[in-house]
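So the protein lines, in turn, are chains L and W.
Positions 27 to 105 (my numbering) are the ones given, in order, by the first sequence.
Positions 17 to 422 (my numbering) are the ones given, in order, by the second sequence.
You may find that some hints are simply not true.
What the hints assert, rightly or not - Simulated restraints, written as ranges between beta carbons of each label pair:
#: 1; chain 1: W; residue 1: 112; chain 2: L; residue 2: 27; range: 52 to 62 Å
#: 2; chain 1: W; residue 1: 141; chain 2: L; residue 2: 58; range: 50 to 60 Å
#: 3; chain 1: W; residue 1: 225; chain 2: L; residue 2: 65; range: 47 to 57 Å
#: 4; chain 1: L; residue 1: 58; chain 2: W; residue 2: 167; range: 18 to 28 Å
#: 5; chain 1: L; residue 1: 65; chain 2: W; residue 2: 212; range: 27 to 37 Å
#: 6; chain 1: W; residue 1: 196; chain 2: L; residue 2: 96; range: 52 to 62 Å
#: 7; chain 1: W; residue 1: 141; chain 2: L; residue 2: 62; range: 44 to 54 Å
#: 8; chain 1: W; residue 1: 196; chain 2: L; residue 2: 81; range: 30 to 40 Å
To be verified - Computed footprint of chain L on chain W, listed as stretches where at least three residues anywhere in the stretch have a Cβ under 8 Å from a Cβ of chain L:
#: 9; stretch: 76–83
#: 10; stretch: 198–211
Derived by calculation from the structure, the hints in this document are not laboratory data.
We put the beta carbon where it would ideally sit given N, CA and C, even for glycine.
Below are the chains, spelled out letter by letter.
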Amino acid sequence: MERNEIQLIVNGFLVEEFEINENLINPEARLIEDLGISSLDFVDIVVIIEKEFGFKVKREEITQIRTLKDMYVYIENRI
Amino acid sequence: MNKRVVITGIGIYSTIGKNIEEVKESLYIGRSGIGIDPRRKEFGFRSALTGIIERPCLKGVLPRRLRIGLSEQAEYSYVATMEALSNANIDLDFLENNEVGILYGNDSSAIPVINAIDIVRERKDTAMIGSGSIFQSMNSTITMNLSVILKLKGINFTISGACASSSHAIGMAYILISQGLQDIIICGGGQEVNAESMGSFDGLAAFSIRENAPAEASRPFDRERDGLVPSGGGATVIVESLESALKRGANILGEIKGYGFSSNGDHISLPNIDGSIRSLMRSLKSANLCTRDIDYVNAHATSTIVGDEMEANALAQVFGDYKVPISSTKSMTGHEMWMGGASEIVYSLIMMHNSFIAPNINFHNPDEASAKLNIIKKTTEMRINTFLSNSFGFGGTNSTLIISKF
Numbered sequence: 027m028e029r030n031e032i033q034l035i036v037n038g039f040l041v042e043e044f045e046i047n048e049n050l051i052n053p054e055a056r057l058i059e060d061l062g063i064s065s066l067d068f069v070d071i072v073v074i075i076e077k078e079f080g081f082k083v084k085r086e087e088i089t090q091i092r093t094l095k096d097m098y099v100y101i102e103n104r105i
Numbered sequence: 017m018n019k020r021v022v023i024t025g026i027g028i029y030s031t032i033g034k035n036i037e038e039v040k041e042s043l044y045i046g047r048s049g050i051g052i053d054p055r056r057k058e059f060g061f062r063s064a065l066t067g068i069i070e071r072p073c074l075k076g077v078l079p080r081r082l083r084i085g086l087s088e089q090a091e092y093s094y095v096a097t098m099e100a101l102s103n104a105n106i107d108l109d110f111l112e113n114n115e116v117g118i119l120y121g122n123d124s125s126a127i128p129v130i131n132a133i134d135i136v137r138e139r140k141d142t143a144m145i146g147s148g149s150i151f152q153s154m155n156s157t158i159t160m161n162l163s164v165i166l167k168l169k170g171i172n173f174t175i176s177g178a179c180a181s182s183s184h185a186i187g188m189a190y191i192l193i194s195q196g197l198q199d200i201i202i203c204g205g206g207q208e209v210n211a212e213s214m215g216s217f218d219g220l221a222a223f224s225i226r227e228n229a230p231a232e233a234s235r236p237f238d239r240e241r242d243g244l245v246p247s248g249g250g251a252t253v254i255v256e257s258l259e260s261a262l263k264r265g266a267n268i269l270g271e272i273k274g275y276g277f278s279s280n281g282d283h284i285s286l287p288n289i290d291g292s293i294r295s296l297m298r299s300l301k302s303a304n305l306c307t308r309d310i311d312y313v314n315a316h317a318t319s320t321i322v323g324d325e326m327e328a329n330a331l332a333q334v335f336g337d338y339k340v341p342i343s344s345t346k347s348m349t350g351h352e353m354w355m356g357g358a359s360e361i362v363y364s365l366i367m368m369h370n371s372f373i374a375p376n377i378n379f380h381n382p383d384e385a386s387a388k389l390n391i392i393k394k395t396t397e398m399r400i401n402t403f404l405s406n407s408f409g410f411g412g413t414n415s416t417l418i419i420s421k422f
């Protein structure tokens, strides 16, 4: 899967499922500080990533992700 | 000295209406909220009869994080609570800056538990359950979510007393406020409406099987009754000290005069006369009123053969020669269980403020016990100054509230 496609899927669920303002979405955005994602939201991100990309995410790994770009790279490296 | 306790707001989301206005009309015309849920037959239910209610859509109303922990009954309760707060003239700023509590009745939350277990059985991974499930599945789902949404600072817990849960919640609020421990408490009851939560109750053969005529299935006190119809929704009552209500210039809807309670000390599912009488007598004593001061009784009567008979005998014994007007709004709503105690206070307050008694629909012929009572068959225009509301539940828990015009 290309980076672009990953980006589209991730951005899509952040806007649709997490109701994050589309204007805030950019690769440098920090998940917690800029997008307002809470520790409980990471629980649901794990579920969605497995559903969308078909691999299991470890809780310890997801909490290391700081920015949206980190997330794209993490997913790209796992699939 | 005990403080006087009043009600300054009511809200309702039920099978006979999604707000006070709709419910007022249904009560007046005797509209039934009962229908058929075909899924229950697929599940092997003896009866597919149930209250019919639509889930409110809260997307766009509440942000995701505040929304995904809400169980079905917490959604109903949220809508009812926002209506009650609005007519109590209490806004979010007030809630944030004053010590307001919440005591709500709830005694189950089946769906999120079942869904979570289904996921774990299939995926063998608890991480796949997601973050909302735990907050939906606990019995305190309503109070834990509403206290966060409304930023409440006062007392905060759920009361589980079977079908008397929310009546006891109002009773507890009455005690806390009368003793000066709280000024305002959001009270109420929520009840989920789904097949999954009702299977075990259906298995007791306690439900009506009059499936060919759903609107006629719930017939409290009628000799042809054959069981209750499960139902639900959410009902909220804002309970407040008179002092606080006057200070705020609130519209006072009624005064809680008395709360009676008792336990039968007997059978787990069969009620008895003695426990009901003790609850009734305690409420009258607590209100410092006699039976002739009561203008209307909203009976617990659920349409079961034994339950209605026991309550009829208890009411006949307590009220004696005085033929107080009695009706069971469950004839229209079905049995709203954990929500029933609070919803029936809302229904009775609507009647009190509009000077009518809602009919006990489907009551055509009494049995030996109900023949001793003055059961209101047709909508009756009448001034109500004081009403009494009974709620009884499994385990022999009983609650009786008395409310007067202020």
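Okay, the hints, checked on the actual structure:
Hint check: residue 112 (chain W) to residue 27 (chain L), Cβ distance near 46 Å, so the stated range 52 to 62 Å is violated. Range check, residue 141 (chain W) to residue 58 (chain L): Cβ separation about 25 Å, and the 50 to 60 Å hint is violated. Between residue 225 (chain W) and residue 65 (chain L) the beta carbon distance is about 49 Å. The supplied range of 47 to 57 Å therefore holds. Taking the beta carbon of each, residue 58 (chain L) and residue 167 (chain W) are about 22 Å apart, inside 18 to 28 Å as hinted.
Separation of residue 65 (chain L) from residue 212 (chain W) is about 30 Å and conforms to the stated range, judged on CB atoms against 27 to 37 Å. Under the hint 52 to 62 Å, the C-beta atoms of residue 196 (chain W) and residue 96 (chain L), about 55 Å apart, fit the expected range. About 27 Å separates the C-beta atoms of residue 141 (chain W) and residue 62 (chain L), a value inconsistent with the hinted range of 44 to 54 Å. As the Cβ distance of residue 196 (chain W) to residue 81 (chain L) is approximately 59 Å, the hint placing it in 30 to 40 Å is violated.
Interface restraint, the stretch 76–83 of chain W with chain L: holds (3 residues with C-beta to C-beta distance below 8 Å; minimum three). For a cut-off of 8 Å, the count of residues in the stretch 198–211 of chain W with a CB near a CB of chain L stands at 0, and the three-residue condition is violated.
Violated hints, in rising order: 1, 2, 7, 8 and 10; the structure is consistent with all others.
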